[in-house]
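Participant: Two chains, two separate frames, one set of hints: put the complex together.
One line per chain: the protein sequences are S and P, in this order.
Just so you know, we're using my numbering here: the first sequence kicks off at 1 and counts up by one.
Just so you know, we're using my numbering here: the second sequence kicks off at 1001 and counts up by one.
Among the hints, a few may not be true.
Said to hold, decoys possible - Cβ-to-Cβ under 10 Å is the rule here; a few derived chain S residues that face chain P:
id: 1; residue: A110
id: 2; residue: G114
id: 3; residue: S124
id: 4; residue: F243
id: 5; residue: L245
id: 6; residue: V288
id: 7; residue: W296
id: 8; residue: S324
id: 9; residue: R329
id: 10; residue: V332
id: 11; residue: S335
id: 12; residue: I339
id: 13; residue: Y343
id: 14; residue: D597
Just so you know, the hints here were simulated from the structure itself, not pulled from any lab data.
All values derive from a computational prediction rather than experimental measurement.
Heads up, the beta-carbon is just placed ideally off N, CA and C, and yes, glycines get one too.
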Amino acid sequence: MFKGNFIDNLPKIYGTYTGGFFIFIILMAIAEQAGMTAKTIGILFVAFTVCIYAIIGYLSRTVQVDAYYVAGRQVPTVFNGMATAADWMSGASFVAMAGGIYFGGYTYMAFLVGWTGGYVLVSSLLAPYLRKFGCYTVPDFIGTRYGGNFARFCAVVVLTLASFTYVTAQINATGTIASRALSIPFELGVWVGLVSILLCSMLGGMRAVTWTQVAQYIVLIIAYLIPVFWISNKSGFGFFPHFMLGEEVARLGALESQFGLVKNAAADIKAAGVPGGLKSIAVSHAGVPEGGMAAWKFISLALCMMVGTASLPHILMRYFTTPSVKAARKSVAWSLFFIALLYTSAPMLATLSKISLIDPNLPTGIIGKPIAEIMQIEWVNAWINVKQAFIADFNGDGILQLNEWFMRGDVVVLATPEVAGLPYVISGLVAAGGMAAAMSTADGLILAIANALSHDIYYKIIDPKADVRKRLLVARALLIVIGAAGAYIASMRITSILGAVAWAFDFAMSGLFFPLILGVWWKRATRQGAIAGMIAGLASGTAYLIYVYPKFMGNAPWLGIDHLRFGIIGASVCLVVMVVVSLMTEEPDKATQQMVDEVRIPSGKTILGKQH
Amino acid sequence: MSNKEKHWEKTKGLMIITLIIWFVFGYLIFMFGSDLNTSSFMGYPLAYYMCAQGSIIAFVVLIFWFANRQEKIDEEFGFTEKEDD
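If we strip away everything but chain P, and leave its shape as in the complex, we get (with noise of 0.2 Å):
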């Protein structure tokens, strides 16, 4: 496999991470809102909870996190962009 190659399947992995952990926090755990509702975090009920802050917080560390990782992977690979391209 080529540089290219072995840099593109690594790519994709960590999409799909990203997109694993996504649909856990956008719709698995909605997929169990009344349940979820009857424990409580910080005084709000949890479904409720996640939906106000919790989902949206979890998505802004996700982007960020996936953005390190995927400057990691092109360190990696020599794919790194020089500032005056």
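Chain S extracted, bound-state conformation (with noise of 0.2 Å):
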């Protein structure tokens, strides 16, 4: 069928797979027609597409060390741009953004801007020179950057530190997916999430992993997307929502001063026996709140996210896998363009899962309606036994107030296609979306630990002598540990889904972004300076963190920085530390400094070796 080599026919292959997809939507919509159960739709959809994975990842197998690794360096920027968009869309963006936008308004968007902004570091500060300089991880630039073997050891720690908080979360996720989906308790679910990762990545490490994540991202944005345009069009709100929403963004202003925003106070909500994690609407949808210091709280959120992006080793390293330094640059082009097509999806999806709650004009609106009514809506019903909707009649008159309808976040993805009237079949497609989404992250974040502890702790510190069959052998053998001692932990459901990912962006910003970039940007950074800053960077981040969040010592933030944001701190003093400490030492040999020029110039032969 295809003729040639396979890079050559990957237009062809993803294009025939994308057709299958949608026959695959489109049957499973005639299935629903003839009677087959929600329960079974929802089944189908989750292990139709894990198993197309499954397939993907052992056709991709591999015994060679640089297919393991970097992918044999030979992925088109396109691609490379649709598997980062998957490899960065966690099940957090996912399945929680747009929850986050519908409770938090303006505020929160700062996720966004930060979430996007930080390719542009990541693009004119660090991918091209990394790939010039042919690394395996990234601690492997940092070992041979500055040399010696405690500087690798120190970057391998912020590196594990930053994706195993983060790996949790997206464990968390394939588990509560899967769990909803095949009808399974959540701690099996969270197994069979971990095996459906590790399906992905054993055989063929990176290589393997790139191509699943194509595949993911493909299933991913349709499934994302069709829902927002089909609500969109279906209740009325235009053709194509990002451009005509302007209306209802002004109308849901309007609504909240008529309904007025309210914050329950904590001994009501208690009082009232709303579950964890359930919030009522209670701040503005578009209007920005007033004063300098909500401004620096959105500006230091915004940083953060951003300067973590360019931190984070699963994304720097999909940067390696590009056949040249050109298409490492032209490559985080397209996938800021691959994950705008999402991000900029989601603030239009809240809108349109908040008006239709909130407009009484409308026939899905739920508010100002009487609670007896809305009790019997089948919706409605099914997300409050589960616990993640609730009503609170806090003034008891029988009429539903914006402070008394509660829900978890999560609902606004998984149920607004439910409460627009949407086929049941749009719910399946939503739930295989979130999988491909969590599972491409968590194989992302896995692989970039694993190979950090095989690469640069086992093959470069401990056993250098170590053949190729051994050292892939222990790369699929720390694979499997890392990915279950993550599910062990997501099994103990530690913090919320977003909490542990803005951590995971500041500790990485706090150990990784000053000795990479300077790495690159200043010849007279040296080994001494950049031990000191990884170490004091990562333990001041960490101190912080535990001074301020609540649940450990709970003192006031300093200047609005909370736990979302200690990275500020982290990285200052990582700053502040690697250029005093470099400044103290003798400046690096010529040797270095010629390393240093080298990767400066895009042609020529990579730092590295093809093989290392």
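Facilitator: In structure tokens, the structure reads:
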């Protein structure tokens, strides 16, 4: 069917795949009409897509080191862009982001700006230079640029801490989706999720993860965009929601002042027995809070997310797989393009969901209507039964007020199709999309950790004479161990999905951002400086997190720098310590300086050999 | 100045311009969020529009522009990669 080599045929292969997926959706829609139950449809959607990923993972198996670590450095720019987008957009982006905007409004949207703007830093400061360097992992760059096993070791520690914080949240998300779609207990769902994740990465490492991530991107973007466009059209809000919801946003502002934005007292919420994690709308949708402090909080959150983006190893390592330095730059642009397709749609989905629920003139509206009547609605009942929604009649008037309707943020993505009266096939599609988003990110993260441990710790430090077979064996064994550890911690549910995700960014920026960029942009940066910077940055950031986080010491944040923003402290300390120590120590030797000069030139051979 | 040094000077210049534009769309405009929100764009309050779409689109365009400019600089100094590298 396909002539020529695999890479040349990529557009055809993924074109066929996308067509096949659409046919599957249509078949499911027909099956729904024919009377197939919602539960079966959900199971088929998740099972079918996961099987496809597993097949891709199996077909991409490899016994070569550079295929395992960097996919043979032959991933074309656009496809690497899609893979990075899937790698990047986690279960949190897919399931929780629209919900975050729904409850947090403008203030929450600092995450959108932060999670996209970071790519400007990646493209202009890092990706092309790391590609020229020719490393397999991020600590590989630190270890070679600064020299010495200890610098390499410190980088592995930061990488592991940041990525591991992130991966537990992803495995948690796969567990939640698997348990809901397959109707199994959460604890079992986590392990089902883990097995699916490992099926994609075990045999082929980076090569397998790359080609499954492209497939996962296609599923997740279809699953996100179809409902947004469908709801907007069906409910008459406009053919192209991104350009046509201005009126609805204005209407939301009017409704907010009509109903009043009431922040419920914690004691009332407790007395009414609202399940944990459920919220009511208390913040304006599009209004900007007044004052310098509010602006600083917005900007500081965006800053942490941007700098964190540029330090997260599972993202940076995706740009090691392109065929050239030029391609690495272009590939960053494509990544952000594919990410933007989803990120610009999330606020639209939040707007659609909110207006559908709170506008009493719409048939779907529930606010301002008698509670007895609302309790008859099927979807309301279903979500209340699983403790994802709640009604508390605080003023006892029998009418649902804006502050009396509670739900979990995830419900925005998961229930809006149902609220708008879309067929169940769409809900099944959304479950498959969420699963794809969480799996692809988890795969990237687990691989980043396992590769750093197997390449930088095992091969470079412990046993430099190990042969290829042994290296790949260790890499695969570590993949299982790390995945299992992540799944075990995920099943204990320590923090909410989003808290943990923001922490990963802060950890990464505290320890890695300045050692990485100064390694390229400042020849004078020394080994001692980098080591001191990584240790001081990570230690001060972590200490500050413990100092402010309510569940630890719970002190008042300094200058509004709370537990979501502790990277500002860590990264500043890292920068100062690294510069001071570098200037106090002897400048790097001639060979190192020449190496930095070489990195800055795009043409010519990579610094590290093809196989190392 | 050698060829390499000139190339690096230009590369640094481009990096600084890129980061200035990044700063404007990522931070500067949001320092004046409440003022911006009094105007509107396509019916959306402006500050809301900028974080929902405006800045994100600006970042995408900026990175494509940066990649093209950098390629021109590499060409100018003869550092273009050969396909078989």
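Participant: Now tell me if each hint is right for this structure.
Facilitator: Cross-check of the supplied hints:
1. A110: holds, 7 Å
2. G114: holds, 8 Å
3. S124: holds, 5 Å
4. F243: holds, 6 Å
5. L245: For S/L245, the interface hint holds, since the closest Cβ of chain P sits about 8 Å away, which is under 10 Å.
6. V288: holds, 4 Å
7. W296: holds, 9 Å
8. S324: holds, 5 Å
9. R329: holds, 4 Å
10. V332: holds, 6 Å
11. S335: holds, 9 Å
12. I339: holds, 8 Å
13. Y343: Check passed: Cβ of S/Y343 comes within 6 Å of chain P, closer than 10 Å.
14. D597: holds, 7 Å
Hint compliance for this structure: no hint is broken.
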